[in-house]
Amino acid sequence: MRRADRRTIFFVAPVLALLLAPASGPAKNPQRFQAIVVTRFTNAPDVELPPEASDYLYAELLTEVRQSGLAAEVLGEGEVIGEGEVGQTLIITGQFTHFDIGVNLAAALVVGVKLPKPHLELDATILRASDHEILGRVLHIKSSGAIYRDSANEVVKELEKIDSSGASEPDSAANRQFAGGRLRRQYVGGYITAIRPAGFSILDDQVDVSSATIRRSPGGIVLTEWLHSGHGNHGPPLLKPDDLKWGMLVEAKGHWISEHSFKADYVAVVSLWLGEKKIEGEAYFEGNPPDAPNIASGQPARLMVGGYTLNISTTTQRKWNPPAGGSLTGLRVKYTGTPNEDGTIDVRTLELGAPPPAAAFKLPGDFLVTQSTDSDTGTPGLEITEGPTVVNRYKLVTDPAVKDYVSRLGKSLLPAAIPDPLHAFGIQFLIIEDPEINAFALSDGRVFVTTGLLAAVENEAQLAFILSHETAHVLQSHAWRETVSTRPDRAAVTLAEFVEIAAGIGGYAIGTLAAEWTIAGAELSIYGHQRRFEEQADIVGLQNMIEHGYDPREAASFFRIDMERHGDRAGTSVWSDHDSTETRGSWLTDILAWEYPNHSWSGTKLDSAEFQQMKRALGPVDIE
Amino acid sequence: MKMATQSRHRSFSQVAILACLLAPLALAGAPQDELGTPYPPNIQTLKIPALNPIKVPVFASAPKFWLADVNDRSGNPRPLLVTAWDVYDADNRKDVLHGIYLEKRPVAIVQGAFDQALRQSGLEAAEASAADLTLHIYLLRFGITGRSGPDRLVEIELVAVLENPKTGETREIHALGTAVADHSIDEVRFARQLANAFASAVQQALQNFFWGQQLQQAISGLTSAAHAPSGTGSPVTAGGGRR
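Chains as they are written, first to last, in the numbering used here: chain A, 1 to 624; chain B, 1 to 243.
Hints may contain errors.
So the derived label-pair ranges between C-beta atoms look like this [said to hold, decoys possible]:
1. A:GLU48 with B:GLN213: 43 to 53 Å
2. B:ALA90 with A:PRO30: 51 to 61 Å
3. B:ASP86 with A:PRO50: 50 to 60 Å
The list that follows gives simulated cross-link-like pairs (lysine-lysine, DSS-like), each with its CA atoms no further than 27 Å apart [said to hold, decoys possible]:
4. B:LYS104 with B:LYS55
5. A:LYS411 with A:LYS117
6. A:LYS117 with B:LYS166
7. A:LYS615 with B:LYS94
Worth flagging that the hints you see were computed from the coordinates, not collected in a lab. Keep in mind it's a predicted model, so treat the numbers as computed, not measured. Just so it is clear, CB atoms sit at the ideal spot from N, CA and C, and this is done for glycine as well.
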């Protein structure tokens, strides 16, 4: 053989070996078990995973265990184990303990491109089906390659160590570590809804502050911790547990002891007291206020606008030039004042302004959102188009029992008079088939509700809150105010970013809808973004529920549902566009207690036969 | 001449090694699925291969089922479109879209699979009025729901509402089938792997339904009034296994 040939073989053989190597997978084993049951792994409490992770690992485990040949049968989650099989059956279970998206360093170094390199960690346990005795355990399986397949292979390797009698001794050291659990730092945040002996409550969550450092810090827990760790010479003022009061906005860092019990290490008091806030407000009239003549003539008056009741006295400085004989509906009012203990606001300055322009009730640019039909199957849909290009589409629910009910309910909650630009077509309510618990409104008056939300709400009162909240976004011109008034510098990037976002996110993949509309909302003015607008929509929605006879406590209950499903108890980051679900729920609870102290809500509307009929017509629905 | 040969060899081996080094990058940069994009030309149609016979448990009460309807609740506005991706021209400009489509609607695929399983197992009622239990199927997921690198996760998740037509009483049964389709740059091969993954996921979803404890409990609960129960409805393995 010539030297060149040998060199060729030296270089090429490993490459060919790599290329021709069979697909990864465990080698065939002698069959040892009657059956192996594969279950879906759960999440450790603070592990954020890609939505597909659990199902993906489940699929890979089924495949790899099947390929291993270790069992006559490989069963999926919840499948029946025959009576004669139980003694020879194993169950694979486990928990995801870490995930991060990472960066592929090789790619970054070689070609200068930042590509993701996901990193997954999990703990797996193999149980004997007959008595759930632990036969094997792999702690901290780490994978950075084909994360799910590699992890499944590691589990199969552990399976291979177990003999058919199931006599393997479990790793006692590993057991102890597993049983003890690993404490993970977590956050909880929101408005204090009750004071307790060793701390406080935020809705259902009890926070123990007996060994916590408590500081007054408008910057929240991050700033508190940073200053406390020695980066600053003068930390924010220290507080005692007794200083904590109902209505304070707080963030806490610590760990969960049980589902609703939290042990805090640090507590940051972001805002001292609900009633100490100086209020600057801006809202649009959703009707003609009865006291309008008194305001115009300099007399004392009470004004309900933007969810708050304003006390106008003779000392209130007014810039008030109403149109002669005309209604105030749709006009803007700006005010400054101080909140009272009864939930009203003593107004210092008051100004009547112009209504939003007609453009405030239109979609910007060439964007259109139109109803369509899939040419292949006739499936009804909703298309987002920019000029001639369809940038995305969604499936619409057309079942009259669902669509008509939601539309009827939504319209029954509207104010008697709505702004002129919306008169042309009014406000429409449409249902999108999507598992996300979500609703959103377009500036042109279309309100969208997902099937996930309809399935998640427990009663009509909760749905009435959601629909009132969304229509408040429209009637208060939040999109226009955000894009034009408050963030003019961002308006230029609006359309380009929307196209990028809408085109870049894969269709109906579970869980993308909310993200898309939320992100797009920031840029295209599809509503639902800035925190103060969310806050205004929440309180207007709450007042609207009360005016229409619904139990307003159900507004907070809706946030509880969302929280229970998603565990959204994140701290109230001051930089975030949306408050956490827990913050919003606790704020509404406190607002209600503040504005209606000792009020009984018994006898208010909770549910209806039509709501239950809609639920039945909806049938089983995926909720995420 | 000799030098040239060596040079070619060196060049080939270097290219091969470079290809191996860059392969993960190429895979990581595999095209993104773009279900929402408009009407991508159909480059491959997935014909789901015939399912293996699904062995159904022998229930003590031996109920007869009637499949009333299959409803698509997966939220896909284009039920036939499985995946699509951009194709770029030589100047790296977005050129056209390529799409992979199903030959049949998801509801038809699932209906066919259920019909076949019920018929083969002798559990199918001759007509609706002769059924002990009526089945209403709701597809919650049908398609690619995730990916790991370039590989796709195919999921079929369904809820079967089992109804006793005499009493109107119902029970819900969840079932899930999953499979992973390995990526391939050869579109024909990729389509074949996707079709196999769909078949595997449908098969698994049906197995999960028929062998699930939920079905066992539902049959027991729904038929206990209509039938004098000779047992719990508990399935026993027949013929030495499920498959």
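Each hint, compared with the structure:
For the pair GLU48 of chain A and GLN213 of chain B, the beta carbons lie near 31 Å from each other, so the given range of 43 to 53 Å is not met. At roughly 54 Å, the beta carbons of ALA90 of chain B and PRO30 of chain A sit within the given window of 51 to 61 Å. Our hint of 50 to 60 Å for ASP86 of chain B and PRO50 of chain A is violated, since their Cβ atoms are close to 22 Å apart. Using a Cα cut-off of 27 Å, the hinted pair LYS104 of chain B and LYS55 of chain B holds, with the two alpha carbons roughly 24 Å apart.
For the given pair, LYS411 of chain A sits about 49 Å from LYS117 of chain A by alpha-carbon distance, which is inconsistent with the 27 Å threshold. For a cut-off of 27 Å, the pair hint linking LYS117 of chain A to LYS166 of chain B is broken: about 56 Å separates their Cα positions. Using a Cα cut-off of 27 Å, the hinted pair LYS615 of chain A and LYS94 of chain B is violated, with the two alpha carbons roughly 44 Å apart.
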